[in-house]
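Enquirer: For reference, the chains in residue letters:
Protein chains: 2
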Amino acid sequence: MVDILHKVGIKARAEEVYKALTTRDGLAGWWTTNTRGEGNVAGGAIDFRFSVDGVEMGGCEVKVLELAAGRQVLWQVVGGPAEWIGTRIAFELRQQGEYCIVLFKHQGWKEPVEFMHHCSTKWAIFMMSLKALVESGKGAPNPDDVRIDERS
Amino acid sequence: MVDILHKVGIKARAEEVYKALTTRDGLAGWWTTNTRGEGNVAGGAIDFRFSVDGVEMGGCEVKVLELAAGRQVLWQVVGGPAEWIGTRIAFELRQQGEYCIVLFKHQGWKEPVEFMHHCSTKWAIFMMSLKALVESGKGAPNPDDVRIDERS
Chain S
980 MVDILHKVGI KARAEEVYKA LTTRDGLAGW WTTNTRGEGN VAGGAIDFRF SVDGVEMGGC
1040 EVKVLELAAG RQVLWQVVGG PAEWIGTRIA FELRQQGEYC IVLFKHQGWK EPVEFMHHCS
1100 TKWAIFMMSL KALVESGKGA PNPDDVRIDE RS
Chain X
980 MVDILHKVGI KARAEEVYKA LTTRDGLAGW WTTNTRGEGN VAGGAIDFRF SVDGVEMGGC
1040 EVKVLELAAG RQVLWQVVGG PAEWIGTRIA FELRQQGEYC IVLFKHQGWK EPVEFMHHCS
1100 TKWAIFMMSL KALVESGKGA PNPDDVRIDE RS
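Those protein sequence lines, which keep their order, are chains S and X. Be aware that the first sequence starts at 980, since it is given in my numbering, and climbs by one per residue. Be aware that the second sequence starts at 980, since it is given in my numbering, and climbs by one per residue.
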């Protein structure tokens, strides 16, 4: 098992970051505008769809496994790319002075395939989008996310 | 052992990307302007220094282990943060149409410590800086790198 790990410091209260990770408007503001479902209740399901140049490229569905207000969000991936199925996506938050420190983990990849390298870079870019959303009110979610090659 | 993995597609010839990974001007153009040493010969040593708000925050020294023109650059870290010593940093390049695909690996971390999460995010940002340098002629190396928290 191999994991994607990231860390960002967001100049905000942890509660604000938590809101961006658990509400539809929050999630749509940094990951993908095409977000549906319920992120604010354990057992809830969220559906994320992505597109490039107006063409839908797929998506992923997660089940909300654990929530701790202002501290943790844990999802399990139940739909999407084959390599993602069964993996877990965790956001651990803690307040450190003026900053909310976010530890991000996309855990349980079976193999360090090339697609995992791609997703690692994209997750970093989306963490910066989350930071921008919370700090400035404007993130860069798909379809206006930062592209890293011709297809994404 | 755990690894940091990233992937970017750079719209350029692999030889151009290789140059940015093996020349002093190239490395100074995307990672840190304060770069010294010889990156274009196996056995060479390169010294990278980083600063934040005008204060030097440390650096790292690498030994060039392997070079394959237009295909691979492999370094071993011989100085710098304790967690980095002995780790290897690899850039694997391949041409895919108009794009040079870069697979990046910072391999051999003993533990997935919080500092590794930080470095994973920063490496993604520096890979985007490498992409910008090669595609547009202007990267975002330290000390003008994208900050992810109050200290970096």
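Hints are computed from structural coordinates only; laboratory data are not their basis. Here the structure is a predicted model, which means the values were calculated and not measured. There may be inaccurate statements among the hints.
Derived DSSO-like pairs (lysine-lysine); straight-line CA-CA distance at most 27 Å [stated by the list, open to error]:
id: 1; chain 1: S; residue 1: K1089; chain 2: S; residue 2: K990
id: 2; chain 1: S; residue 1: K998; chain 2: S; residue 2: K1089
id: 3; chain 1: S; residue 1: K1089; chain 2: S; residue 2: K1117
id: 4; chain 1: S; residue 1: K1117; chain 2: X; residue 2: K1117
id: 5; chain 1: X; residue 1: K1117; chain 2: X; residue 2: K1084
id: 6; chain 1: X; residue 1: K998; chain 2: X; residue 2: K1084
id: 7; chain 1: S; residue 1: K1084; chain 2: X; residue 2: K1084
id: 8; chain 1: X; residue 1: K1089; chain 2: S; residue 2: K1089
id: 9; chain 1: X; residue 1: K1117; chain 2: X; residue 2: K998
id: 10; chain 1: S; residue 1: K998; chain 2: S; residue 2: K1042
id: 11; chain 1: S; residue 1: K1089; chain 2: S; residue 2: K1042
id: 12; chain 1: X; residue 1: K990; chain 2: S; residue 2: K1089
id: 13; chain 1: S; residue 1: K998; chain 2: S; residue 2: K1084
id: 14; chain 1: X; residue 1: K1089; chain 2: X; residue 2: K990
id: 15; chain 1: X; residue 1: K998; chain 2: S; residue 2: K1084
Enquirer: Give a verdict on every hint.
Expert: Status of each hint after checking the structure:
1. S:K1089 x S:K990: violated, 34 Å
2. S:K998 x S:K1089: violated, 31 Å
3. S:K1089 x S:K1117: violated, 34 Å
4. S:K1117 x X:K1117: With a Cα-Cα distance of about 25 Å, the restraint between S:K1117 and X:K1117 holds, given a limit of 27 Å.
5. X:K1117 x X:K1084: Measuring from Cα to Cα gives roughly 23 Å; hence the hint holds.
6. X:K998 x X:K1084: holds, 18 Å
7. S:K1084 x X:K1084: Judged against 27 Å, a Cα distance of about 17 Å means the pair holds.
8. X:K1089 x S:K1089: Holds - the C-alpha atoms of S:K1089 and X:K1089 are around 19 Å apart, at most 27 Å.
9. X:K1117 x X:K998: With a Cα-Cα distance of about 14 Å, the restraint between X:K1117 and X:K998 holds, given a limit of 27 Å.
10. S:K998 x S:K1042: The hint holds at about 17 Å.
11. S:K1089 x S:K1042: Satisfied, since the Cα-Cα distance of roughly 20 Å is no more than 27 Å.
12. X:K990 x S:K1089: violated, 30 Å
13. S:K998 x S:K1084: holds, 18 Å
14. X:K1089 x X:K990: violated, 34 Å
15. X:K998 x S:K1084: violated, 33 Å
Hint compliance for this structure: hints 1, 2, 3, 12, 14, 15 are not met, and every other hint is.
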